[in-house]
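Chemist: Note that the protein sequences, when read in sequence, are chains A and B. Numbering follows this note's numbering, in which position 151 of the first sequence is assigned residue number 151; successive positions increment by one, without gaps. Numbering follows this note's numbering, in which position 122 of the second sequence is assigned residue number 331; successive positions increment by one, without gaps.
In case anyone wonders, no lab produced these hints; they're calculated from the structure. Take the hints with a grain of salt, since some may be wrong.
[Said to hold, decoys possible] Listed below are the simulated SDA-like cross-link pairs for lysine to any residue, each with C-alpha atoms no more than 20 Å apart in a straight line: (1) Lys192(A) x Arg206(A); (2) Lys192(A) x Gly359(B); (3) Lys192(A) x Tyr273(B); (4) Lys192(A) x Ala33(A); (5) Lys192(A) x Thr166(A); (6) Lys192(A) x Tyr275(B); (7) Lys192(A) x Arg276(B); (8) Lys192(A) x Gly145(A); (9) Lys192(A) x Ala165(A); (10) Lys192(A) x Glu36(A); (11) Lys192(A) x Arg141(A); (12) Lys192(A) x Ala142(A).
[Said to hold, decoys possible] What the simulated footprint calls covered on chain A by chain B, stretch by stretch (three residues with Cβ under 8 Å from a Cβ of chain B suffice, anywhere in the stretch; the number is not a length): (13) 9-15; (14) 22-35; (15) 38-49; (16) 53-67.
Where is the CB? At the ideal position from N, CA and C, for every residue including glycine.
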Amino acid sequence: MTDERLQRIYADGLARRAPADRAVCPAPEALLALVEREGPEATRLDTLDHVMGCGACRDEFELLRAVAGAGRGDARPAWRRWAGWAALAAAITVVAGVGLVARWGDRAEPDPLRGVSGGALVLVTPPDGDRLPADRTLRWRAEPGAVRYTIEILDAGDLAVYAIATPDTVITVPDSVVFGRGDYRWWVRARKADGSEAASPLRRLRGRP
Amino acid sequence: MATDPDPISPALEGLLARFGETVRRVAQRHGLAGEVDDVLQEVRIRLWRARASGERIESANASYVYRTAVTAALDLIRRRRARKEDPMDPTTFAAQTTATADPTPAQAVESSETMRQVEEAVEGLSPTRRPVVRMYLAGYRQEEIAGLLGWSEPKTRNLLYRGLADLRGRLGALGIGPGGAP
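Model the full structure from these sequences, guided by the hints.
Modeler: Right, here's the structure in full:
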């Protein structure tokens, strides 16, 4: 069965799936939190799981998404803008021959001291592939106009083992975050006052048990 | 209805018009034009009331209109849920994405059974992969999924790839897939 056929079957089913009692559906505020990417990721995943299986909630979600898209100044959500910048930064990295490899887990980094043109947020320390420093800090360059940074550390299964938001350009990973032997990655997203975003590439990180 | 005795300022009117045009453009793709008109009308009323109450909205910026529109949309959703009516004609989206001829009764039964099996297989996916796979099956592009969740493109691709592989395995076990149902 092709992806297209699967999608057609699923879309048909989705259009017909609306619970008789909407009490089981997420609150409208939860739909908005999903659209605006606010709140814990686990909660948003739960909401998304329901929304993409409930025709009624999906249409409400699309209405809020349309309003949010317009509110950001154009029909293109803000995430697409930073995704575009990230893609541009990645392309620059390739052209510069820094050694980007196809396997995503081995993605190389721009030189943190020189930074990178093209709008991607620049991570400073620890360098790509290094161990978390003894003081357990992660540092990045200030992004012009940024009011808040969201930092995520991902495990090999791409799940966030630690996430925090801060107005600062450094965080200290708490001792309560226990690292295993596997590879980790970290990245930072900046939200700016005008609602736009910038994001860093993923950087490899080895844990500190 | 009487004409508006105290129209909102031309600047705000222009802002609202531009905002409305953008919302409509996005919403039209999902057959939500009616809902958007309701929301925009509500926004206009709220801005007019704010002006009548002496609130300084002449200099209001786009974010003010945006927050007002979000509140209006949330209220619209709440009202529709409270009325327990058909919320937003959930067939509209499918009508756009599945422009197929009416099936025969036999095809309808088969399709309904396949639908149930697909849903069963999706339900069996891990909680991390399931929403990603659902979104993909609902017709969203990979970059839309990444953007909504704030994930990197590689992370999204990885989870989606694994999720779809898992789904195909489950469908295969149900007799759907290559060599199984069409």
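Chemist: Run every hint past the structure and note whether it holds.
Modeler: Here is how each hint holds up against the structure:
| no. | hint | result |
| --- | --- | --- |
| 1 | Lys192(A) x Arg206(A) | violated (30 Å) |
| 2 | Lys192(A) x Gly359(B) | holds (15 Å) |
| 3 | Lys192(A) x Tyr273(B) | holds (17 Å) |
| 4 | Lys192(A) x Ala33(A) | holds (18 Å) |
| 5 | Lys192(A) x Thr166(A) | holds (13 Å) |
| 6 | Lys192(A) x Tyr275(B) | holds (16 Å) |
| 7 | Lys192(A) x Arg276(B) | holds (17 Å) |
| 8 | Lys192(A) x Gly145(A) | holds (5 Å) |
| 9 | Lys192(A) x Ala165(A) | holds (13 Å) |
| 10 | Lys192(A) x Glu36(A) | holds (14 Å) |
| 11 | Lys192(A) x Arg141(A) | holds (14 Å) |
| 12 | Lys192(A) x Ala142(A) | holds (11 Å) |
| 13 | 9-15 | holds (count 7) |
| 14 | 22-35 | holds (count 8) |
| 15 | 38-49 | holds (count 6) |
| 16 | 53-67 | holds (count 12) |
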